[in-house]
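> Chains as they are written, first to last, in my numbering: chain A, 1 to 364; chain B, 1 to 338.
Keep in mind that the hints are not guaranteed to be accurate.
Coverage of chain B stretches by chain A, computed from C-beta distances (three or more under 8 angstroms per stretch; other residues unrestricted) [what the hints assert, rightly or not]:
no., segment
1, 212-225
2, 240-253
3, 256-263
4, 277-286
None of these hints come from the bench; they were simulated from the model.
Computed from a predicted structure; not experimentally measured.
Backbone N, C-alpha and C fix where the C-beta goes; we use that ideal spot for every residue, glycine too.
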Amino acid sequence: MSAPPVLRIEGLTKHYLARDGGGVTRAVDGVSLEIMAGETLALVGESGCGKSTTARCALRLIAPSGGRVMFEGVDVLALAPAELRRMRRRFQFVFQDPFASLNPRMCMGAILEEPLLVHRMGDRARREARVAELLVMVGLGPDHARRFAHELSGGQRQRVGIARALATSPSLVICDEPVSALDVSVQAQVLNLLSDLKRALGLSYLFITHDLGVVRRVADRVAVMLHGRIVEIATVGSLFGQPAHPYTARLLDATPVLDPARRQAAHDPGAEAPAPAFRPAGPEGCSYTGRCAVAIARCAREAPSLRAIAEGHLVACHRGGELPLPAPFEDAALSSVAQRRLALLDRLADAASSSCNEGASHVD
Amino acid sequence: MTPLLSIEGLHTTIRVPGSNGGREHGEVGVVDGVDLVLDAGRTLALVGESGCGKSMLSLAIMGLLPPVARIASGRILLDGLDLASLPASALRAIRGRRVAMIFQDPMTSLNPVLSVGAQIMEAIRVHVPGLDRRALRARAIATMEKARIPNAAARVDAYPHQLSGGLRQRVMIAMALACGPELLIADEPTTALDVTVQAQILGLLRDLQRETGMALLLITHDLGVVAEMADEVAVMYAGRVMEQAPVSAIFDDPQHPYTLGLLGCTPALAMNAGRQRAIAGGVPPLASMPPGCRFHPRCAAALPDCARARPMPRRLGERHLAACLRSPLEASVPAARP
Numbered sequence: 001m002s003a004p005p006v007l008r009i010e011g012l013t014k015h016y017l018a019r020d021g022g023g024v025t026r027a028v029d030g031v032s033l034e035i036m037a038g039e040t041l042a043l044v045g046e047s048g049c050g051k052s053t054t055a056r057c058a059l060r061l062i063a064p065s066g067g068r069v070m071f072e073g074v075d076v077l078a079l080a081p082a083e084l085r086r087m088r089r090r091f092q093f094v095f096q097d098p099f100a101s102l103n104p105r106m107c108m109g110a111i112l113e114e115p116l117l118v119h120r121m122g123d124r125a126r127r128e129a130r131v132a133e134l135l136v137m138v139g140l141g142p143d144h145a146r147r148f149a150h151e152l153s154g155g156q157r158q159r160v161g162i163a164r165a166l167a168t169s170p171s172l173v174i175c176d177e178p179v180s181a182l183d184v185s186v187q188a189q190v191l192n193l194l195s196d197l198k199r200a201l202g203l204s205y206l207f208i209t210h211d212l213g214v215v216r217r218v219a220d221r222v223a224v225m226l227h228g229r230i231v232e233i234a235t236v237g238s239l240f241g242q243p244a245h246p247y248t249a250r251l252l253d254a255t256p257v258l259d260p261a262r263r264q265a266a267h268d269p270g271a272e273a274p275a276p277a278f279r280p281a282g283p284e285g286c287s288y289t290g291r292c293a294v295a296i297a298r299c300a301r302e303a304p305s306l307r308a309i310a311e312g313h314l315v316a317c318h319r320g321g322e323l324p325l326p327a328p329f330e331d332a333a334l335s336s337v338a339q340r341r342l343a344l345l346d347r348l349a350d351a352a353s354s355s356c357n358e359g360a361s362h363v364d
Numbered sequence: 001m002t003p004l005l006s007i008e009g010l011h012t013t014i015r016v017p018g019s020n021g022g023r024e025h026g027e028v029g030v031v032d033g034v035d036l037v038l039d040a041g042r043t044l045a046l047v048g049e050s051g052c053g054k055s056m057l058s059l060a061i062m063g064l065l066p067p068v069a070r071i072a073s074g075r076i077l078l079d080g081l082d083l084a085s086l087p088a089s090a091l092r093a094i095r096g097r098r099v100a101m102i103f104q105d106p107m108t109s110l111n112p113v114l115s116v117g118a119q120i121m122e123a124i125r126v127h128v129p130g131l132d133r134r135a136l137r138a139r140a141i142a143t144m145e146k147a148r149i150p151n152a153a154a155r156v157d158a159y160p161h162q163l164s165g166g167l168r169q170r171v172m173i174a175m176a177l178a179c180g181p182e183l184l185i186a187d188e189p190t191t192a193l194d195v196t197v198q199a200q201i202l203g204l205l206r207d208l209q210r211e212t213g214m215a216l217l218l219i220t221h222d223l224g225v226v227a228e229m230a231d232e233v234a235v236m237y238a239g240r241v242m243e244q245a246p247v248s249a250i251f252d253d254p255q256h257p258y259t260l261g262l263l264g265c266t267p268a269l270a271m272n273a274g275r276q277r278a279i280a281g282g283v284p285p286l287a288s289m290p291p292g293c294r295f296h297p298r299c300a301a302a303l304p305d306c307a308r309a310r311p312m313p314r315r316l317g318e319r320h321l322a323a324c325l326r327s328p329l330e331a332s333v334p335a336a337r338p
């Protein structure tokens with residue numbers, strides 16, 4: 001019953017040397033993760049915490065400094081270049097900015113065909129058929145193959161970005177902030193598409209985002225990253241229900257909720273937190289100590305390692321699981337009036353779609 | 001009491017190349033007949049997705065429309081003074097002094113080759129002539145302290161790249177506050193920031209507003225930020241205001257299908273996992289706006305009449321207006337079918 005994980009990362013590190021010899025920046029500092037088949041693992045953290053670098057190192061878009069990465073039972077870091085290229089069919093990336101990640105001089109058909117050419121998959125006719133199939137799969141039409149990026153909306157472009165990632169039939173897709181550049185109404189369409197595709201194709205996702213609302217939507221499990229380290233991993237339910245790391249609680253607390261009655265009365269008057277972008281070189285102490293409201297003397301001396309506080313819930317905090325953290329997240333849903341009216345709109349939409357069923361409509 | 005800012009029937013247009021790609025230019029409307037009111041000391045949030053005209057509206061208030069754009073008609077009254085008809089020189093005396101603005105990306109709106117102090121001093125020098133260097137510098141430091149920049153006396157000589165994103169936005173705020181404006185326009189002030197820094201900046205804006213009594217026109221696409229900050233809310237779509245109400249009514253009694261759609265698809269922490277609600281389709285391009293209500297092609301509740309004429313704002317409560325033929329929804333949609 002316990003199939004091996006699709007991706008297992010152990011003790012991954014990426015160190016950068018400062019140009020002036022001023023020391024080491026530990027961008028990724030001993031990260032271990034597992035992603036099971038069919039699972040979405042969200043990697044959350046603020047800018048500069050090392051979440052993108054972790055994903056890129058694990059799949060060798062940049063060379064890691066150390067650690068071990070097993071993908072579908074193969075040691076990725078030991079692969080020869082030709083083997084690595086073959087392996088890349090099986091893991092693909094979707095990037096944040098659909099404006100920057102599509103070549104403006106190529107039509108969508110050529111963009112989608114490119115991975116098939118690179119991996120020498122199929123003859124011309126088969127590739128053409130595959131391009132058409134991919135476009136339909138992401139909710140566009142075969143006629144979009146002749147369009148250029150500037151002719152598409154942001155949401156349509158991101159659909160093409162997703163189709164390109166799926167071209168070689170990967171088992172793992174790394175989504176790096178795939179909806180951050182999109183409007184909220186379009187975000188929802190793209191998130192729904194990603195979850196439909198995951199179910200239909202049996203994909204696993206490593207989903208990198210800074211938006212906890214999006215995490216709540218898409219993730220099965222969540223890993224919270226800070227200064228190059230994982231500070232907490234749990235299922236979505238546990239992480240939002242009982243955050244155990246003070247930093248996780250802070251992130252949840254700082255995320256605005258859709259309820260003007262629950263405004264944050266106070267904010268910390270200490271202005272900018274004295275947090276360097278990366279923890280300083282040297283192993284001593286927890287890097288969150290300076291911003292942490294519940295730090296004890298031990299925190300400055302000794303960096304905590306991840307330990308289990310419940311089934312599947314790991315936290316790297318000396319006090320994790322011991323304290324009732326401030327503001328464990330309370331549920332705040334939409335107002336009942338808003339929900340009732342949304343239900344009315346849903347009913348109207350259902351009625352409209354059942355009364356005129358002809359012509360499958362393309363979203364966007 | 002006259003409101004601090006009153007926008008009446010504002011239309012802006014931009015010039016677009018003609019279809020033959022030649023000399024002839026056409027004009028398309030962006031902001032299409034907007035009426036808004038903002039009282040002194042209050043916060044009005046302008047919400048909408050990209051292309052709804054919210055940034056164009058704020059640039060029109062500042063007199064900073066790009067050369068291809070112009071105000072076609074309407075009035076922008078600041079304390080009774082029509083900014084839309086002022087000559088450039090008169091507008092310059094108001095801009096920065098009575099009305100100031102901060103932008104989304106503090107990195108691109110600060111000059112990278114000048115120290116932040118020099119940039120704040122420039123803002124002061126333009127409007128308060130006759131101060132010597134020492135006085136200017138002291139005033140810049142005081143302004144930075146007001147924006148809660150720690151160690152301002154040392155940071156006054158820092159360059160933008162030496163500061164974090166949050167500190168850069170504080171510098172922008174300091175610059176905007178340098179001359180004590182009555183109205184601060186903040187265009188997506190926290191969109192480029194991390195969520196913990198966002199909370200600090202929003203808190204700072206609220207505190208400063210309380211201290212100085214300035215009005216805040218907050219432009220955002222994030223309903224979470226609206227809930228956190230606004231007194232009044234205007235929801236914009238495709239250049240028009242769809243719904244306008246006090247903040248509590250927007251969340252507790254949303255009327256317009258577009259407002260409802262936005263609320264429904266904003267990923268909230270509390271929602272259960274599952275299918276995310278979405279609004280079908282996308283914002284129509286400027287050059288081919290649908291007739292009637294501009295939201296009707298995406299609206300589940302659209303009636304044949306919605307495509308015929310622009311729905312006029314209807315009054316649904318105190319200061320609560322919605323431009324929708326279907327409002328209130330319950331009255332026009334029968335309850336659950338048997």
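> Taking the hints in turn, state whether each one holds.
Hint by hint, here is what the structure shows:
| no. | hint | verdict |
| --- | --- | --- |
| 1 | 212-225 | holds (count 5) |
| 2 | 240-253 | holds (count 5) |
| 3 | 256-263 | holds (count 5) |
| 4 | 277-286 | holds (count 7) |
In summary, this structure violates none of the numbered hints.
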